[in-house]
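S.K.: These protein sequence lines map, in sequence, to chains A and B.
Letter by letter, the first sequence follows residues 19 to 344 in my numbering.
Letter by letter, the second sequence follows residues 19 to 344 in my numbering.
Just so you know, not all the hints are guaranteed correct.
Identical copies go unnamed one by one, so any copy, or any two together, can satisfy a pair.
[To be verified] Here are the simulated lysine-lysine pairs, BS3-like style, with alpha carbons at most 25 Å apart:
hint : residue 1 : residue 2
1    : K59       : K241
2    : K318      : K301
3    : K178      : K46
4    : K198      : K317
5    : K318      : K198
6    : K178      : K107
What the hints contain is simulated information worked out from the structure, not anything from laboratory work.
2 protein chains.
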Amino acid sequence: MASDRPVVGIDLGGTNMQVGVVRADARKVGPEKAILGVSRKKTRASDGLDAVLGRIEEAVREACGQAGVAVSDLGGIGIGAPGALDPYKGIVFEAVNLRWNDLPLAEILTGRLGVPVFLDNDVNAALYGEWGLGAAVGASDVLGVWVGTGIGGGLILGGKLFYGHHMTAGEVGHMLIFPKSPPGTRSLEHNCSRTAVVDRIVRLIRSNRASMLGEITGEKYEKIKSRALATAYEAGDELTREVVNDAATLLGDQIGSIVTLLSLEKVVIGGGLTEAIGEPFVKRVREATREIAFPDVCKKVEVVASQLLDNAGLLGAAMIATDRMS
Amino acid sequence: MASDRPVVGIDLGGTNMQVGVVRADARKVGPEKAILGVSRKKTRASDGLDAVLGRIEEAVREACGQAGVAVSDLGGIGIGAPGALDPYKGIVFEAVNLRWNDLPLAEILTGRLGVPVFLDNDVNAALYGEWGLGAAVGASDVLGVWVGTGIGGGLILGGKLFYGHHMTAGEVGHMLIFPKSPPGTRSLEHNCSRTAVVDRIVRLIRSNRASMLGEITGEKYEKIKSRALATAYEAGDELTREVVNDAATLLGDQIGSIVTLLSLEKVVIGGGLTEAIGEPFVKRVREATREIAFPDVCKKVEVVASQLLDNAGLLGAAMIATDRMS
Numbered sequence: 019m020a021s022d023r024p025v026v027g028i029d030l031g032g033t034n035m036q037v038g039v040v041r042a043d044a045r046k047v048g049p050e051k052a053i054l055g056v057s058r059k060k061t062r063a064s065d066g067l068d069a070v071l072g073r074i075e076e077a078v079r080e081a082c083g084q085a086g087v088a089v090s091d092l093g094g095i096g097i098g099a100p101g102a103l104d105p106y107k108g109i110v111f112e113a114v115n116l117r118w119n120d121l122p123l124a125e126i127l128t129g130r131l132g133v134p135v136f137l138d139n140d141v142n143a144a145l146y147g148e149w150g151l152g153a154a155v156g157a158s159d160v161l162g163v164w165v166g167t168g169i170g171g172g173l174i175l176g177g178k179l180f181y182g183h184h185m186t187a188g189e190v191g192h193m194l195i196f197p198k199s200p201p202g203t204r205s206l207e208h209n210c211s212r213t214a215v216v217d218r219i220v221r222l223i224r225s226n227r228a229s230m231l232g233e234i235t236g237e238k239y240e241k242i243k244s245r246a247l248a249t250a251y252e253a254g255d256e257l258t259r260e261v262v263n264d265a266a267t268l269l270g271d272q273i274g275s276i277v278t279l280l281s282l283e284k285v286v287i288g289g290g291l292t293e294a295i296g297e298p299f300v301k302r303v304r305e306a307t308r309e310i311a312f313p314d315v316c317k318k319v320e321v322v323a324s325q326l327l328d329n330a331g332l333l334g335a336a337m338i339a340t341d342r343m344s
Numbered sequence: 019m020a021s022d023r024p025v026v027g028i029d030l031g032g033t034n035m036q037v038g039v040v041r042a043d044a045r046k047v048g049p050e051k052a053i054l055g056v057s058r059k060k061t062r063a064s065d066g067l068d069a070v071l072g073r074i075e076e077a078v079r080e081a082c083g084q085a086g087v088a089v090s091d092l093g094g095i096g097i098g099a100p101g102a103l104d105p106y107k108g109i110v111f112e113a114v115n116l117r118w119n120d121l122p123l124a125e126i127l128t129g130r131l132g133v134p135v136f137l138d139n140d141v142n143a144a145l146y147g148e149w150g151l152g153a154a155v156g157a158s159d160v161l162g163v164w165v166g167t168g169i170g171g172g173l174i175l176g177g178k179l180f181y182g183h184h185m186t187a188g189e190v191g192h193m194l195i196f197p198k199s200p201p202g203t204r205s206l207e208h209n210c211s212r213t214a215v216v217d218r219i220v221r222l223i224r225s226n227r228a229s230m231l232g233e234i235t236g237e238k239y240e241k242i243k244s245r246a247l248a249t250a251y252e253a254g255d256e257l258t259r260e261v262v263n264d265a266a267t268l269l270g271d272q273i274g275s276i277v278t279l280l281s282l283e284k285v286v287i288g289g290g291l292t293e294a295i296g297e298p299f300v301k302r303v304r305e306a307t308r309e310i311a312f313p314d315v316c317k318k319v320e321v322v323a324s325q326l327l328d329n330a331g332l333l334g335a336a337m338i339a340t341d342r343m344s
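All chains should be built: construct the whole structure from the sequences, respecting the hints.
M.R.: If you want it as structure tokens, here you go:
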């Protein structure tokens with residue numbers, strides 16, 4: 019039996035952390051009512067491990083204060099962290115952004131907070147959130163793809179998060195899409211992440227293609243993020259549309275191949291670039307996915323945008339804690 | 019509890035069918051001792067459904083006669099059939115080679131033979147055989163890839179055959195490897211099947227590349243099959259080696275991407291081309307797979323040749339029947 023005590027979900031990123039106190043019956047009350055208190059902080063990994071752990075602890079206490087819940091009354095804590103990790107042992111093997119290696123994070127936080135802590139990958143947590151409360155409720159076989167600085171992914175297979183033998187399943191960004199191209203240019207992430215899209219646009223602007231992105235960014239091209247891309251896309255900037263649409267089609271081609279491999283029911287697309295461009299992006303991905311999916315029955319696959327946006331990670335981490343305790 | 023009665027396994031192909039009476043304790047006694055009697059026949063789908071069903075029935079009776087087992091004493095029958103099908107409903111949706119559509123094959127054969135019949139895909143059956151008795155015993159997360167006229171695949175995930183939402187999982191041959199190439203040239207099967215390898219060699223011979231395949235086949239290039247390729251490959255024919263090795267590397271690249279996605283423990287490669295060329299082919303696939311697999315822990319993936327060869331399908335079909343009854 020699951021406890022009815024609230025749980026804390028932590029979405030730990032390389033730049034920001036988001037912490038929320040979440041009701042144990044989150045699935046029943048829905049994503050809006052499920053969050054009782056939140057705290058957001060900078061991660062600042064460069065300050066060192068102790069400083070980051072201290073800020074996590076502080077954020078948990080702040081969110082609990084806002085929710086009117088004592089930390090000792092929590093049923094548990096779930097944390098989604100970036101990088102390679104073992105969710106069952108609670109160890110982060112390697113988180114490059116955080117400069118962490120072989121860190122028994124679950125055990126350390128359990129010691130500091132006096133509450134059982136459950137670890138998972140950040141993308142798995144976001145997908146679990148969408149599966150529990152958002153865009154993929156009730157689906158049994160789901161791929162989640164998050165398109166931002168890089169491309170992360172996660173899998174629900176047979177109604178459960180799928181980890182694989184080495185616990186690293188879901189690394190869609192590192193699949194090759196141009197196997198004969200040189201290393202560094204041939205993966206999905208090298209071609210379809212926001213970073214790849216911006217690099218290509220800047221290269222084309224520097225070779226004299228016209229674009230309103232110069233105006234939008236004051237020619238500080240290194241600062242182009244998803245928002246600037248969305249502004250140019252919506253305003254009809256030809257170069258931006260061409261490069262973004264091409265990336266969406268390539269992404270959909272690869273997702274179509276994955277649907278073919280795994281006979282998936284649903285695909286959830288999220289991340290900064292997807293959220294900024296919105297339905298025009300998702301629609302292109304969906305069309306390419308369905309064109310490629312084999313056999314015909316797989317063309318029924320649903321390709322939808324994430325619904326929980328910034329809260330997917332903390333809600334999913336909280337639900338992982340709830341479900342692993344039950 | 020599994021019964022200790024023998025079961026029949028049927029490997030039904032577009033050209034040949036192979037039927038074997040298999041001991042219920044096949045896993046214990048091993049593949050050599052497991053088969054008590056066999057019968058092999060042409061499928062001859064052009065004769066029509068009734069004729070094919072009659073030949074299946076006849077082959078089952080012959081194999082049972084050879085084994086000294088009455089059909090009525092069988093614990094069950096497993097059949098691996100090509101095409102899209104629902105293993106749980108026992109219905110073949112579409113088997114192009116056999117000209118079958120929406121055929122309740124399990125029910126029909128149960129009626130004809132008076133023994134419960136269990137259906138699965140032919141490639142799943144072969145993988146299940148390797149997993150139960152051959153190259154992948156004890157592994158929890160396995161991809162099987164069969165390279166012949168086409169490229170078929172199957173997946174064991176979490177220690178079970180994985181079917182996916184639409185029951186069609188494993189269609190690796192239809193994954194794209196050159197997404198920007200025209201339809202008909204961009205899938206794994208279009209580039210790495212034996213058919214694709216032969217087509218490319220013949221094209222290059224016709225554009226005046228030297229090859230001993232002319233001599234080996236009496237210039238009947240349309241008749242090149244895996245054996246002729248293996249003869250030329252072993253004799254050091256440069257063109258054959260170049261094209262076969264290129265296909266093996268591309269296949270390994272794609273398998274590496276799948277290992278990245280699913281964090282697999284093991285990959286079994288089989289089929290006519292793999293068996294004919296043998297270890298030089300498997301080695302190239304293995305090297306490419308490990309080069310591409312991400313993160314580093316996934317480079318431990320084992321890539322091995324199938325062991326049961328022609329008997330994989332019938333042994334696997336028999337074990338599927340045994341395991342579904344237990």
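S.K.: Against this structure, judge whether each hint is valid.
M.R.: Hints, one by one, checked against the model:
Proximity of K59 to K241 under the C-alpha cut-off of 25 Å is restricted to the intra-copy arrangement: shortest distance 22 Å within a copy versus 68 Å between copies. Within a single copy, K318 and K301 get their C-alpha atoms as close as 14 Å, which meets the 25 Å cut-off; across copies the closest is 38 Å, which misses it. Taking the shortest Cα distances, K178 and K46 sit within 25 Å of each other inside one copy (19 Å), while across copies they are farther apart (32 Å). In this assembly of identical chains, the alpha carbons of K198 and K317 lie at most 25 Å apart only when taken from different copies (20 Å versus 28 Å within one copy).
For the identical chains of this complex, K318 and K198 are inter-copy neighbours only, at 23 Å across copies versus 31 Å inside a copy, given an alpha-carbon limit of 25 Å. With identical chains, the CA atoms of K178 and K107 are at most 25 Å apart both within one copy (18 Å) and between copies (24 Å).
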